[in-house]
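Spelled out, the chains give:
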Amino acid sequence: MNKLVSIDEAVDMIKDGMTIMVGGFLGCGNPHKIIDKLVEKNVKDLTLICNDSSFPDYGVGKLVVNHQIKKLIASHVGTNPETGRQMNAGEMEVVLVPQGTLAEQVRAGGAGLGGILTPTGVGTVIEEGKEKITVDGVEYLLEKPLKADVALIAGQKVDKFGNIVYFGATRNFNTIMATAAETVIVEASEIVEVGDLDPNDVVTPGIFVDYIVDGGAN
Amino acid sequence: MDKNELKAFIAKRVAKELKDGDVVNLGIGLPTMVANYIPEGMNIFLQSENGFIGLGPAPEPGKEDMRIVNAGGQPVTILPGGAFFDSATSFTIIRGGHVDITVLGALQVDEKGNLANWMIPGKMVPGMGGAMDLVTGAKKVIIAMEHTAKGAPKILKECTLPLTAAHQVDMIITEMGVMEVTEKGIVLKEINPEFTIEDVKNSTEAELIIAEDLKEMEI
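These protein sequence lines are chains A and B, in that order. Residues 1 to 218 (the numbering used here) make up the first sequence, in order. Residues 1001 to 1219 (the numbering used here) make up the second sequence, in order.
Bound-form chain A, shown alone (with noise of 0.2 Å):
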């Protein structure tokens, strides 16, 4: 089983109007290289999942900036101006999700649950149209899973079969996204052989890994 494709061919598995999942924050734990050929391939009405809209010329902003995007799942925005104007003229449909609620809708879309409960969001503006769970005499908010076409996701170091060492701050999304997607693209900054990686250190486990590409040194 060969899971090493170009970066052409993993992009051209994305197709206009699909959902994706995208891992990092502000940029970091984005897979770049995938990015910017989805720029350049310009891949359109995608609906993005991922925690934020980065910087305007830093990772998934990039989509943003080249209107590719007709739906936005995010917890934050307010780093890339371009997402609050198109969202202010109507262009881009934004959801606004807090960060520890949209990191659980992804885990449970990969972990086969049917949503999950979280104190998070009761008594504001996030409660509106959800239902609400007491447990033993505490409110929760009953919030779905998420599930997306495509995950792209980067790693530090990959083996051939896809099992995914992490550096650094870059886990965030990656990890959970791994799991909720049909098809899971992951960016490696250094592939190497099966047996390479201690076990013990593998995050990610080589199962949840469609596809690599090679994206070199970040």
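Treat the hints with caution; some may be incorrect.
What the hints assert, rightly or not - Below, computed lysine to aspartate or glutamate pairings styled on EDC-like, alpha-carbon distance capped at 20 Å:
| hint | chain 1 | residue 1 | chain 2 | residue 2 |
| --- | --- | --- | --- | --- |
| 1 | B | K1007 | B | E1190 |
| 2 | A | K33 | B | D1065 |
| 3 | B | K1123 | A | E91 |
Unchecked claim - The calculated label-pair distances, taken between Cβ atoms and stated as ranges, are:
| hint | chain 1 | residue 1 | chain 2 | residue 2 | range |
| --- | --- | --- | --- | --- | --- |
| 4 | B | D1199 | A | V138 | 36 to 42 Å |
| 5 | B | G1072 | A | M13 | 30 to 36 Å |
| 6 | B | A1211 | A | V95 | 39 to 45 Å |
Please keep in mind that the hints were generated in silico from the structure rather than gathered at the bench. Glycine residues also receive a C-beta, built at the ideal position from the N, C-alpha and C atoms.
Keeping the supplied structure of chain A fixed, place chain B upon it in accordance with the hints.
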């Protein structure tokens, strides 16, 4: 006090609330300055919601690594004994009650402990990021801010902006004093001797209860 002195004054007073061994999450802006005033020898574990604990100072110029950034995307360092983790674990720490203190700014805070700090409809909609989870999950929520917005009260009877969380604020620290949010309302516990009680009341829309043992604010 000029703007920077005023912020430093508030941050220094907040730092006095920290106890050895506390897990602390500091918001962006003024709250971040609290890290500069942690007493020597005190072990405080700073949590960064993008995925690590043991947040250290900014690296020396030229040693920045964009794989190690804080929740504002700026390059930082991690201290010995620190640990990296993913967002699900980060919010297990935050929402699960494993953060002792979170320090945040506010647009508005009211006498029921409600906080508004994430949006102004039609004007500023940056998103809540991790703020709603932090305020909901942290054991103690401290609001660190200037007492008013250019003279307009921010400590209100009832917030008018969309809430970040309901009934979660424990303490408010401003340049004028230290206030605790109780079931009876907001109690002024300490006052900056540069101000009178009347000054503080005039800058506060909420009914202010003056503590019987009102102390001078010390930093």
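Against the structure, the hints:
Distance restraint check for B/K1007 and B/E1190: the Cα-Cα separation of roughly 17 Å lies within the 20 Å cut-off, and the hinted pair is therefore satisfied. Taken as a hint, the A/K33 and B/D1065 pair is honoured in the structure, with Cα atoms around 18 Å apart against an allowance of 20 Å. Note on B/K1123 and A/E91: the hinted pairing holds, with a Cα-Cα distance of about 17 Å set against a maximum of 20 Å. Between B/D1199 and A/V138 the C-beta distance comes to about 40 Å, which sits within the given range of 36 to 42 Å.
In this structure the supplied range 30 to 36 Å holds for B/G1072 paired with A/M13, their Cβ-Cβ distance being about 33 Å. Hint check: B/A1211 to A/V95, Cβ distance near 44 Å, so the stated range 39 to 45 Å holds.
Checked against the numbered hints given earlier, this structure breaks none of them.
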